[in-house]
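> Residue strings, one per chain:
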Amino acid sequence: MSNNNKHELLSKIWSDFSENKLAVGALFFFIIILFVAIFASVISPTDPYDLSTVTIMNSRLAPMEEDFSGNVYWLGTDGAGRDMLSAIFYGLRISLSVGVLSGIFALIVGAFFGISAAYFGGRYESLIMRIVDIQLSFPSILVALIILAAFGKGVEKTILALVLVQWAYYARTARASALVESRKEYVDAARCLSLGNLRIMLSHILPNCIPPLIVVATLQTAHAISLEATLSFLGLGLPQTEPSLGLLIGNGFEYVHTGDYWISIFPGIALLFTIVSINLVGDQLRDMFNPRLKK
Amino acid sequence: MKPILEIKNLKTHFFKKEGIVKAVDDISFHINAGEIVGLVGESGSGKTITGFSIMGLVDAPGKIVSGNIVFKDIDLRNISPKQMQDVRGNRIAMIFQDPMMTLNPVLRIQTQMMETIKAHDKKISNQEAYDKCRDALGLVGISSPDERMKAYPHQFSGGMRQRVSIAIALLNKPDLIIADEPTTALDVTIQGQVIFEMQKLCKESGTALLWVTHDLAVVAGITDRICVMYAGRIIEQGSTDKIINNPMHPYTQGLIKSVPSRNKKGEKLHQIDGMVPAMFCLPEGCAFEERCHQRIEKCKHEQPAELKQADGRYLRCWNVGESHER
Amino acid sequence: MKDKILEVKNISKKFIKSLDKTTKFINLLGGSYKEEVVHAVDNVSFDILSGEVVGVVGESGCGKSTLGRMIAGIMPITSGSVSFKEKHYAGFENEKYKQDHNIDLKIQMIFQDPFSSLNPRKKVLDIISEAPIYHQLISKKDKKSFVAEMLAKVGLNNDAMPRYPHQFSGGQRQRVGIARALAVSPELVVCDESVAALDVSIQAQIINLFLDLREKMNLTYLFISHDMGVIEHIADRIVVMYLGQIVEIASTDEVINHTNHPYTKALLSGVPTLDTTRKVYEPIKGEIPSPLNPPSGCYFHPRCKFATEKCKVEKPVFKEVAPHHFSACHLND
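Chains as they are written, first to last, in the numbering used here: chain A, 2 to 296; chain B, 5 to 330; chain C, 31 to 363.
Source of the hints: derived by calculation from the structure; they are not laboratory data. Treat the hints with care, since some could be wrong.
Computed cross-link-like contacts, DSS-like style, restricted to lysine-lysine with a CA-CA straight-line distance of at most 27 Å [said to hold, decoys possible]: (1) Lys261/B - Lys349/C; (2) Lys204/B - Lys335/C; (3) Lys86/B - Lys127/B; (4) Lys7/A - Lys154/B; (5) Lys136/C - Lys183/C; (6) Lys32/C - Lys269/B; (7) Lys342/C - Lys295/C; (8) Lys54/C - Lys21/B; (9) Lys185/A - Lys7/A; (10) Lys13/A - Lys153/C; (11) Lys177/B - Lys315/C; (12) Lys183/C - Lys269/B; (13) Lys122/B - Lys154/B; (14) Lys269/B - Lys295/C; (15) Lys246/C - Lys272/B; (16) Lys7/A - Lys174/C; (17) Lys13/A - Lys268/B; (18) Lys302/B - Lys15/B; (19) Lys26/B - Lys304/B; (20) Lys20/B - Lys6/B; (21) Lys272/B - Lys32/C; (22) Lys207/B - Lys122/B; (23) Lys154/B - Lys315/C; (24) Lys153/C - Lys185/A; (25) Lys246/C - Lys44/C; (26) Lys32/C - Lys44/C; (27) Lys20/B - Lys7/A; (28) Lys204/B - Lys268/B; (29) Lys86/B - Lys12/B; (30) Lys13/A - Lys20/B; (31) Lys32/C - Lys342/C; (32) Lys261/B - Lys246/B; (33) Lys345/C - Lys295/C; (34) Lys268/B - Lys183/C; (35) Lys115/C - Lys170/C; (36) Lys268/B - Lys315/C; (37) Lys26/B - Lys302/B; (38) Lys315/C - Lys136/B.
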């Protein structure tokens, strides 16, 4: 019988979501991107980082050009002879992993501080929210740059920087939701039943704050991916051994002037589509959860 | 005496994804000039939608499906929006449960009241309009009206705001006021005051009043006639005295018997078992049948017709009362 | 002679809006802003005996809800104390206001709004069983049978267990709320306007349920309501509150038939009832004062038909005017 409830809920969410055809298209597209990212090593025509197959003889081949062995590279090759299509697939995987991972950690940290601030109130809440306000008044790229300048390059450090930038958005949203929920009578009932504070926050308040957090998570993931791309483009984020889309764009940038546009543009287009599709899905989710006028 | 409002076989349905909700399903009643009529029902009975239907305030997915609403020889269903605007707020006024549905929080009381007058009387001078407003506030018992006029709604208490809403409703001396749960949100002592004043004002100015509420005690004190609604239909209507002191429909009987003051202290209250049926799947027979202790076989299959009784009341019940067709 | 189950001694609840830095600065320059203090509950004392139903009645601003919450332990007490069965458990703002684990569960509360008093994301099964499992009163494997027992007590079927609150009506949700409170075997139940949000016919069902459970489970009730009709029916004793203070306490019979305080009289006579022959009644005049700015002397004097000069300046003393009948009015002097 609880399965019926879940079916009801899911089909209601789907029917609300599918009112916006564009968002449905974007979701479909994103699922394809996700599939590509997960199965990159399986579906890539080549492994662009296998040094035994990559040869500089194939460098800078234009899209659809043949190489000496008769292989066709659909999107061309880069300066070192790597197949662009494969590089993009692997790059998607890295960009998405960094974006999603940092999003998840930021969500955990942000939700923890936001919910506890709303629940306990007082000086603790003021302190947390002041820190959030101060941080949010700086452009995120600036904060990330400062952190990376202090800690150096690397995958973990980039993820750390992204988490430190993003937690504030999650904290603010979580606190707003938690403030409303904390005043409701079921929280009073839980306190009357002497359930501990931690249990009330995790088991009662948090689940009711999830809808707005999902919206923030979706939009913030897109933001994180684009932020990481910027940092890598500038040479500050991920190292060369983990080429995300941003890094590919950065590496290919020098060739744009000589006319070998595909080394930079195609990763750029892939990044664009990824971010736009996530944003469209996130926008529709946000509209669904807003109280709307009756139709 | 011809009634000023006559409703015949009104049906207002809501067309939702999940099905059709027959919020108001074939109701007929009338209001005479200067009369106070109570429309009583619990949640989901359709009483509020009835009031909204008369005022033309029913929005999609709701629609008045059939029936007549005739106000002083004007067919309210078949007039242009502009003509309806002339009627609304002018000849028929409405008071809501939450006074903040009437009062604009960013306008001073004075601004809002004068706006109401000027909307329906383009030629009136500012001074005349101001005087009218001041008098209206005095009528509803607000002291120092000149000062109060300049205030904003948030500077008033709940009872005062509701009085201002009543004053606004009375401004253009309407023929009919529809009051939807006007005192439900007020404290009991303030409720008493407001009811008393409304009754006085209506009798003095000859304005008819349709009082929509779930509170039997309120209608018992103030109304001349009552219509009792259940699941979208009027199941009993007639003079207040007769219905309160001698209810005939099993639902009305149950309602009245379950009021604490009608029960012996310490004993279990009389209760109506079960619940109102879900509005999406009303039964084909009488909607009250499954909770009724006086049901007969016919009640399950056929909705009771509205039949006039010997004492003048109308009743929808197969088992109780006499069977003269309306 | 019944035992005292609850002793409330001089409890008060103050809400203070302190001055912020800007205002303090202005005061230094010669301004005269004061802190805003609301005495939501002002020096209230009374006892509850085991097995009785004490009704608390009053209008907005009288503090009855705040009083209920302080007794249930979910709102800190500013001053005074509450003792449950001789175990003193409440003190000042900074102290832990529940010292004994068991006391926490012995006093439970039923809330007003059936829509926000249940967690919308939990199934009924979990709502009812959460606290007993947390406090190890039952084991996880007994969850279902325990909840079935509770549901039966409040008149619901087992098929309610896997469902969520939004699938129930107001009356049914209140029943779930009652089951949730009963699951921890309380002795005193505080009902805060528990039937106010329900339709009349459902109200009767829930009131009957309360009376039923009182017998079956030996409960004591503190029943808070604004509806004198309901209180008259269900309460053994009545506490009448106005603007944070108790103005009258007596047995129900005494309060109804030998009403003493003018405010109680107004509550009883100035309110509409089913008695249609009494179409003309005299409601009391005036607005309920704001708790931020209470009147001088007796709080009720601006609205009181019988007010004298003394009432305007001196607070009346709360004293016994008949056996076990207390009132605070200068007319008794």
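> With reference to the structure, classify each hint as holding or not holding.
Here is what the structure says about each hint:
1. Lys261/B - Lys349/C: violated, 38 Å
2. Lys204/B - Lys335/C: Answer holds: Lys204/B to Lys335/C is near 21 Å, not above 27 Å.
3. Lys86/B - Lys127/B: holds, 18 Å
4. Lys7/A - Lys154/B: violated, 54 Å
5. Lys136/C - Lys183/C: holds, 18 Å
6. Lys32/C - Lys269/B: holds, 21 Å
7. Lys342/C - Lys295/C: holds, 20 Å
8. Lys54/C - Lys21/B: It is violated: about 58 Å lies between the C-alpha atoms, which goes past 27 Å.
9. Lys185/A - Lys7/A: With Cα atoms ~25 Å apart, Lys185/A and Lys7/A stay inside 27 Å; holds.
10. Lys13/A - Lys153/C: Distance of about 19 Å is within 27 Å: holds.
11. Lys177/B - Lys315/C: Roughly 26 Å separates the two Cα atoms, so the pair holds.
12. Lys183/C - Lys269/B: Holds: Lys183/C and Lys269/B sit about 23 Å apart, inside 27 Å.
13. Lys122/B - Lys154/B: Holds, at about 18 Å.
14. Lys269/B - Lys295/C: Given that 27 Å is the threshold and the Cα spacing comes to 20 Å, the pair holds.
15. Lys246/C - Lys272/B: Given that 27 Å is the threshold and the Cα spacing comes to 14 Å, the pair holds.
16. Lys7/A - Lys174/C: holds, 21 Å
17. Lys13/A - Lys268/B: violated, 49 Å
18. Lys302/B - Lys15/B: holds, 24 Å
19. Lys26/B - Lys304/B: Holds - the C-alpha atoms of Lys304/B and Lys26/B are around 18 Å apart, at most 27 Å.
20. Lys20/B - Lys6/B: Since the Cα atoms of Lys20/B and Lys6/B sit roughly 38 Å apart, the hinted pair is violated (cutoff 27 Å).
21. Lys272/B - Lys32/C: Status holds; Cα separation ~23 Å.
22. Lys207/B - Lys122/B: Cα-Cα ~26 Å, so holds.
23. Lys154/B - Lys315/C: Cα-Cα ~23 Å, so holds.
24. Lys153/C - Lys185/A: At roughly 17 Å apart (the allowed maximum being 27 Å), Lys185/A and Lys153/C satisfy the hint.
25. Lys246/C - Lys44/C: Given pair Lys246/C, Lys44/C is violated - Cα atoms ~38 Å apart, limit 27 Å.
26. Lys32/C - Lys44/C: violated, 33 Å
27. Lys20/B - Lys7/A: holds, 22 Å
28. Lys204/B - Lys268/B: violated, 34 Å
29. Lys86/B - Lys12/B: holds, 24 Å
30. Lys13/A - Lys20/B: Measuring from Cα to Cα gives roughly 14 Å; hence the hint holds.
31. Lys32/C - Lys342/C: Measuring from Cα to Cα gives roughly 40 Å; hence the hint is violated.
32. Lys261/B - Lys246/B: holds, 15 Å
33. Lys345/C - Lys295/C: At roughly 19 Å apart (the allowed maximum being 27 Å), Lys295/C and Lys345/C satisfy the hint.
34. Lys268/B - Lys183/C: holds, 24 Å
35. Lys115/C - Lys170/C: Measuring from Cα to Cα gives roughly 31 Å; hence the hint is violated.
36. Lys268/B - Lys315/C: This hinted pair is violated, its Cα atoms lying about 32 Å apart.
37. Lys26/B - Lys302/B: Within the cut-off at roughly 22 Å; holds.
38. Lys315/C - Lys136/B: Given that 27 Å is the threshold and the Cα spacing comes to 24 Å, the pair holds.
Checked against the numbered hints given earlier, this structure breaks hints 1, 4, 8, 17, 20, 25, 26, 28, 31, 35, 36; the rest are met.
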